[in-house]
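Chemist: Residue strings, one per chain:
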Amino acid sequence: MTLASIIFAGILTYFTRMTMIALISRDMLGDKIKAVLEYVPSAVFPAIIFPAVFINDYGTFIEMNDPKLFGALVAVIVGYFSKNIIATISAGLASYWFLIFVVFN
Amino acid sequence: MLSKKQLFTRGMLDISPHMLSVIPFGIICGAIGVELGFKPYLVYAMSLIIFGGASQIVFLQLLSGGASSLVAVASVGIINSRHLLYGAVLSEYLEKLSLIKKLLISYFVVDQGFAESNKFFKKNRSEKFLHFHLIGTGCTLWFCWQIATLSGIILGSFVPEELGLKFAIPLTFIAIVVQDLKKIDHVIVMITCGLSSLLFFDAPFKSYIIISPLIALFVAALLLRLKK
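Chains A and B supply the protein sequences, listed in that same order.
Following our numbering, the numbering of the first sequence begins with 1 at its first residue and continues without gaps.
Following our numbering, the numbering of the second sequence begins with 1 at its first residue and continues without gaps.
For reference, chain A alone in the conformation it holds in the complex (with noise of 0.2 Å):
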């Protein structure tokens, strides 16, 4: 029952994966649908990373002294002048454990 689930999950993902790879051709989007496709990952990532730092895990919003607001603040900041992926992580990491292991403890 549940694997058979996961193999229908599983070709669903694959279609989203494969339908635009395999059945768009190049005639087929105009230059002005290609000037909005260079805007996916600004309008798509943030809906990875807001809800995963504003929205705590019973789905209610965070208070703002909390520990991922400021972790996420300074991985844009490092992020953005060190232009490092490492860096950024680690950064907002570490300072996200500083928060709840060191000040909030």
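Don't take each hint at face value.
[To be verified] PhoX-like mimics (lysine-lysine), calculated; alpha carbons at most 20 Å apart, straight line:
1. B/Lys-122 - A/Lys-83
2. A/Lys-34 - B/Lys-166
3. B/Lys-182 - B/Lys-227
4. B/Lys-228 - A/Lys-34
5. A/Lys-34 - B/Lys-4
[Unchecked claim] Footprint (simulated), chain A over chain B, 3 or more residues, beta carbon under 8 Å:
6. 52-65
7. 73-87
8. 100-107
[What the hints assert, rightly or not] To give a feel for the contact side, a few chain B residues facing chain A, derived at Cβ under 8 Å:
9. His-18
10. Ala-45
11. Glu-127
12. Ala-221
Since the hints were made in silico from the structure, they are not lab data.
Note that CB positions come from ideal geometry on N, CA and C, so glycine has one too.
Assemble chain B onto chain A, guided by the hints.
Modeler: Using the frame of chain A, we list chain B on its own:
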């Protein structure tokens, strides 16, 4: 002109920093599955068959919370529908490939791999074997995801939840988009998407994850019109 092997290696190198968040997240994913009481082989089968981080966790949580399989499967489909947008972007670069190659490569299209390969594609349009970069990022992500979820299944509750390793996920995506904060139009699009995702967070089937990008792209289209 770079060789296939060089492009593959370049893809592996470009994606490797993201493993800092992908591996902990994979371990959590595996551990949650076992903790919720699912058979280990089923938890692992998801990594192989669905191969989509967040959607796997939602799937498990819905099923264990008593939702019907139909609701769980539909939610996975909606969460992963964002891949349609990635595919539309990538189609331009993968156009010359044979159908069979397109079908095989599609399995490896993942958020971070798409983001890094797309950055590389934009700068190196003239390369002949561009798709090997995508195979490089995709295979690295795939391999690490399999190992990480397997480790999570084996380690189970040994992974301390207090570490808050889930927080590495927004951080990895911050690292991807942060340089675009230099462009005001991208900032507007990002804020539109982010605020919409909070506004529609409670929409059924986790559909905020596709509703907010569509709203943001609509705003992007308006901005392009204003620019002219």
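Chemist: Indicate, hint by hint, whether the structure satisfies it.
Modeler: Checked hints:
1. Annotation: proposed proximity of B/Lys-122 to A/Lys-83 holds, straight-line Cα distance about 18 Å (limit 20 Å).
2. Taken as a hint, the A/Lys-34 and B/Lys-166 pair is broken in the structure, with Cα atoms around 34 Å apart against an allowance of 20 Å.
3. A threshold of 20 Å between alpha carbons decides the hint, and for B/Lys-182 with B/Lys-227 the separation of about 17 Å falls inside it, so the pair holds.
4. Of the supplied pair hints, the one linking B/Lys-228 and A/Lys-34 holds, its CA atoms being roughly 16 Å apart against a limit of 20 Å.
5. At most 20 Å may separate the alpha-carbon atoms for a hinted pair to count; A/Lys-34 and B/Lys-4 exceed this at roughly 27 Å.
6. Beta-carbon proximity to chain A at under 8 Å applies to 5 residues in the stretch 52-65 of chain B; the threshold of 3 is reached and the given coverage holds.
7. Coverage of the stretch 73-87 of chain B by chain A holds [criterion: at least 3 residues with CB-CB distance below 8 Å; count 11].
8. For the stretch 100-107 of chain B, the stated coverage by chain A holds: 5 residues have a C-beta nearer than 8 Å to a C-beta of that chain, and at least 3 were required.
9. Checking B/His-18 against chain A by beta carbon gives a least distance of about 6 Å; that is within 8 Å, so the hint holds.
10. For B/Ala-45, the interface hint holds, the least distance from its beta-carbon to any beta-carbon of chain A being 5 Å, beneath 8 Å.
11. Residue-level restraint check for B/Glu-127 is violated (minimum Cβ-Cβ distance to chain A is 17 Å; threshold 8 Å).
12. At its closest, the beta carbon of B/Ala-221 sits 5 Å from a beta carbon of chain A; the interface hint therefore holds under the 8 Å criterion.
When the structure is compared with the earlier hints, violations turn up for hints 2, 5 and 11 and for no others.
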